[in-house]
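**Student:** Chains as they are written, first to last, in the numbering used here: chain A, 1480 to 1765; chain B, 1480 to 1765; chain C, 1480 to 1765; chain D, 1480 to 1765.
What the hints contain is simulated information worked out from the structure, not anything from laboratory work.
Be aware that a few hints might be false.
If chains are identical, the list can't say which one is meant, so a pair holds when it fits in one copy or spans any two.
[Stated by the list, open to error] Here are the simulated lysine to any residue pairs, SDA-like style, with alpha carbons at most 20 Å apart:
(1) K1580 x I1566
(2) K1543 x F1706
(3) K1543 x G1700
(4) K1580 x L1655
(5) K1543 x G1674
(6) K1543 x Q1672
(7) K1577 x W1503
(8) K1543 x I1566
(9) K1543 x Q1680
(10) K1543 x P1679
(11) K1543 x G1670
(12) K1543 x L1703
(13) K1520 x Y1568
(14) K1520 x L1570
(15) K1580 x C1529
(16) K1580 x R1641
(17) K1543 x T1676
Remember, predicted model here, so these are calculated numbers, not experimental data.
Take a look at the letters that make up each chain.
Number of protein chains: 4
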Amino acid sequence: MNEDGNMMQSDPKNTELKNPNNGWRHRLHEIIFEAETFYGKLFDVVLLVCIVFSVLVIVLESVKDYQSQYGDLYNQLEWVFTILFTIEYFLRIVTVQKPSKYIFSFFGLVDLFAIVPAYLALLWADAESFAVIRSLRLLRVFRVLKLAQFVGESKLLMTAMRQSMRKITVFLGAVLTLALIIGAAMYTIEGEQNGFTSIPQSIYWTIVTLTTVGYGDIAPGTTLGKFLASVVMIMGYGILAVPTGIVTVELAGLGKRPVSTHACEACSKEGHDVDAVHCKYCGGKL
Amino acid sequence: MNEDGNMMQSDPKNTELKNPNNGWRHRLHEIIFEAETFYGKLFDVVLLVCIVFSVLVIVLESVKDYQSQYGDLYNQLEWVFTILFTIEYFLRIVTVQKPSKYIFSFFGLVDLFAIVPAYLALLWADAESFAVIRSLRLLRVFRVLKLAQFVGESKLLMTAMRQSMRKITVFLGAVLTLALIIGAAMYTIEGEQNGFTSIPQSIYWTIVTLTTVGYGDIAPGTTLGKFLASVVMIMGYGILAVPTGIVTVELAGLGKRPVSTHACEACSKEGHDVDAVHCKYCGGKL
Amino acid sequence: MNEDGNMMQSDPKNTELKNPNNGWRHRLHEIIFEAETFYGKLFDVVLLVCIVFSVLVIVLESVKDYQSQYGDLYNQLEWVFTILFTIEYFLRIVTVQKPSKYIFSFFGLVDLFAIVPAYLALLWADAESFAVIRSLRLLRVFRVLKLAQFVGESKLLMTAMRQSMRKITVFLGAVLTLALIIGAAMYTIEGEQNGFTSIPQSIYWTIVTLTTVGYGDIAPGTTLGKFLASVVMIMGYGILAVPTGIVTVELAGLGKRPVSTHACEACSKEGHDVDAVHCKYCGGKL
Amino acid sequence: MNEDGNMMQSDPKNTELKNPNNGWRHRLHEIIFEAETFYGKLFDVVLLVCIVFSVLVIVLESVKDYQSQYGDLYNQLEWVFTILFTIEYFLRIVTVQKPSKYIFSFFGLVDLFAIVPAYLALLWADAESFAVIRSLRLLRVFRVLKLAQFVGESKLLMTAMRQSMRKITVFLGAVLTLALIIGAAMYTIEGEQNGFTSIPQSIYWTIVTLTTVGYGDIAPGTTLGKFLASVVMIMGYGILAVPTGIVTVELAGLGKRPVSTHACEACSKEGHDVDAVHCKYCGGKL
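For reference, chain A alone in the conformation it holds in the complex (with noise of 0.2 Å):
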């Protein structure tokens, strides 16, 4: 719990006993942000559901016939919704030890942007805003992310992911660079009656192609234009192989799996095993 900024658990000498204004805050903080006894669990189920249900709100109230049905239903439960990760927001501030760090932990900003859309909508609701702050509103959605929390098993897939960040930024530069040249080859090839209307046109196709997803709404038309297709789809395929072989040879730690830097001092050679203990070409001590 530390990363939302409480520092009881590392802190066994708090001031708790001397200070019985703390007893309720201490519980409260146990009920919030933790799930060991009965009360922090249900705080959280409870919670959990109270998510579900408001992001299910903003989507229902985006489908049409819903929406006129049900439109009144739809705010006044999103007010209720707010109101309460309100309260829930204020009352982990007041809980926590530190609140300037939970503030800017990852989950008190998705928190915060969670309950704040619904009341900058009531400061800009004009009618000609009206598209922005729905826009706003939706970021409510962030709310969500708050259902990773609790699950604890997401730790490897977040390492292996970390780990190849590199390689893959990297391959995705490359990937990038090369969307681009193919870009502007076909916006030459094709030209603007095939749909590739400019280098960033033609770029989003290249992009659309290159990953496999193929939507078909920009398609090539002329012979040299499907042969360059061909050859980029081709190629899509080799490319295709680099993510999912890095993230492999993470997820498996053969990734890790060192060569020693030590260079043995009889030979000059390197490359030798962690393990090693002779060079394993003159048999020099290492």
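Fit chains B, C and D to the given chain A structure using the hints.
**Tutor:** Quick look at chains B, C and D alone, frame taken from chain A:
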């Protein structure tokens, strides 16, 4: 065969010899459940052919041209197979020692669902509920799942799938949350005039794009939408790598075999399994 | 070259020296089947060029614009190549020691199928069966398979593919069963007005979706259909990982790391490494 | 920097101290080619920004709306960047010790191709050849490839790619042969009324399908065609696994590290590298 509720194999002192009535039962059981005798094999092959043909009848019945021509034939064949499978189902119940265990086993339920729809169609066969009845009858397709019974190789794949299930669940949870947020963003950016008529529709588009299926029935029309779509596709690129990596690692057995760093005190050799108590080279206690 | 039915190499005491007639045969054999002498290499390269050009003729003949212009030229070239390949085919039969073995080898059959369609077109060249004859002639494309003869690197890939064949078969069986059930469900949900005109058509759609191809010629129209389609796509996501995992593990040689089936005589526990001398649980000798 | 033709580093006794003229040359060389001094770093960053902006100008110039508004500005910026890059190109030639080695190195050629099109556009700027000149100018996009110079992480990926190149070539050859045969078959089955107007067109469709791109601009219409298409898709499923497997195995280093089966005669330990001469545990000769 224990999974079908058959305890005979594991109960060598069964009452068969004393109770002569059990003679035909035991023989029928061997034919229906086992595939080691000649008749047992014959039964399985005939059943397999019947299942394939009955599924074929359902599939071909749905093709308009064939139905107008051979509609009656299909109907008759349908009933022949239904009656055959009903007889087979009751024979299975009669010959097995613990019928309740068979009935509630996976294949017991599949066998039941394979015959029930045809009889239900008799009860509610009004003109109005025709479409619903058809759908019930389509459940007979489950019959084909019996095919899996005959394949012995599938264990390893199932194990690898089951062991990676938890990691894949976390992964899918993250992907669906992402799809929700991207869907909401695309709904705001593109709006109804480009086919993103509601957030559920936008989520559908996001999943179509993230999985690189890309029907093209909904495609972004605005420049910002196309840019975001490109980002989503490239993300899908990297994301696609994760389940592949998980399954590969499971299949390779690399995920489950942590090698202990503990060396044998007697012979100093390393590389023991984590669950090893004795050194596998010299037999010394670890 | 044994796969082509040539036993000369493995029969060092052949009758060539005694029978002077065999001199030219042996030399021709060396030129046609081997690629180690200058003329042998020349023959292979010329043959390769001929194959590529003959395939090119068939491919270009199908393009309307070119055919109206150069139709006669194509026809003549077609016959030149057919006669050349016929001569080559009979030379192969004459020079090889065991003709029957060559004729029924893979490349023997390919060589035959490469020339037969052109002659069959002569026999049945009525106006009516014209289309059929064209398709027979297209079988000459098999000629290009000869190209594989010249590539030596493909062994490893073929071995990995063949070794994973059984696992992939089980996997494909499961995928096809799934496609059948999903297809039937989508047919019931979507119905004919959305393009799901029959169960086979729905199965086609399911395969298009599961493999992430996604043409978009058939796409779900109802909300329930779109939901099920999303589930299918995400399932396809996970399913796509399985064949990749299988092939990767085979290529890495990780699938072969066998655990000994030998149980410890002292404590009956299994799962020892193949190189284990002592039981890793109780220390008893294996 | 040897790849840029610069021999200074590897030639410590260069004539710089004796020849005072080489002073500015050496300093300029350090600024242009190295990134270890402050001015060297500054130069690289400024150059990088210039490249990105010049590419941006080309890309935005192709968007119709922007071009009509800012056409002249783009033209001027285009010339500013061209002149800057020309100066940079000649400075590189002057300051490097072996100019010919730089000119014919990969980035030397890229630098040249980045400036030549703009000058060629001056020579042939007739109204008729306008389109062609535009395409020449688009070659300036190659300039962006310089970006790769600044990324140091890409080595490992490149090595893995290059080492799997041969296996991937064999694999692609097999896939293309397959695409040819399937294309010809689909052309015969579907015919022109379903969009399969020629064999090259059908091959294009096959590649679109095998790579799971699936535009949907051409889709099978007949039942037989749909069946064959389903088979192709499922094949593509399995085939897609092969390059992924190859690259993963290369990245994991599993493809290159065969462990010798030779045991040390002194200590009997196994698991030595194939290139090991001495036992890595006891130092005994292998």
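**Student:** Each of the hints needs a verdict: does it hold here or not?
**Tutor:** Going down the list of hints, with the structure as the test:
Taking identical chains as interchangeable, the C-alpha atoms of K1580 and I1566 lie at most 20 Å apart only when both belong to the same chain, with a minimum of 19 Å there against 52 Å between chains. Only between protomers do K1543 and F1706 lie at most 20 Å apart by alpha-carbon distance; the minimum there is 18 Å, versus 44 Å within a single protomer. Proximity of K1543 and G1700 under a CA criterion of 20 Å is satisfied inter-copy only: 16 Å between copies versus 38 Å inside one chain copy. In this assembly of identical chains, the alpha carbons of K1580 and L1655 never lie at most 20 Å apart, being 37 Å within a copy and 29 Å across copies at closest.
Within a single copy, K1543 and G1674 get their C-alpha atoms only as close as 32 Å, which misses the 20 Å cut-off; across copies the closest is 13 Å, which meets it. For a Cα distance limit of 20 Å, the shortest separation of K1543 from Q1672 across copies, 14 Å, qualifies, whereas the shortest one inside one copy, 36 Å, does not. Within a single copy, K1577 and W1503 get their C-alpha atoms as close as 17 Å, which meets the 20 Å cut-off; across copies the closest is 58 Å, which misses it. In this assembly of identical chains, K1543 and I1566 lie within 20 Å of each other by CA distance neither inside one copy nor across copies; the values are 31 Å within and 52 Å between.
Within a single copy, K1543 and Q1680 get their C-alpha atoms only as close as 31 Å, which misses the 20 Å cut-off; across copies the closest is 11 Å, which meets it. Only between protomers do K1543 and P1679 lie at most 20 Å apart by alpha-carbon distance; the minimum there is 11 Å, versus 33 Å within a single protomer. In this homomeric assembly, K1543 and G1670 come within 20 Å of each other (Cα to Cα) only across copies, at 12 Å, whereas the closest approach inside a single copy is 39 Å. In this assembly of identical chains, K1543 and L1703 lie within 20 Å of each other by CA distance solely across copies; the values are 17 Å between and 45 Å within a copy.
Within a single copy, K1520 and Y1568 get their C-alpha atoms as close as 18 Å, which meets the 20 Å cut-off; across copies the closest is 46 Å, which misses it. Taking identical chains as interchangeable, the C-alpha atoms of K1520 and L1570 lie at most 20 Å apart only when both belong to the same chain, with a minimum of 17 Å there against 50 Å between chains. Neither within a single protomer nor between protomers do K1580 and C1529 lie at most 20 Å apart by alpha-carbon distance, with minima of 25 Å and 41 Å respectively. Taking the shortest Cα distances, K1580 and R1641 never come within 20 Å of each other, neither inside one copy (23 Å) nor across copies (39 Å).
Taking CA atoms no more than 20 Å apart as the test, K1543 paired with T1676 passes between copies only; the shortest distance there is 8 Å, against 33 Å inside one copy.
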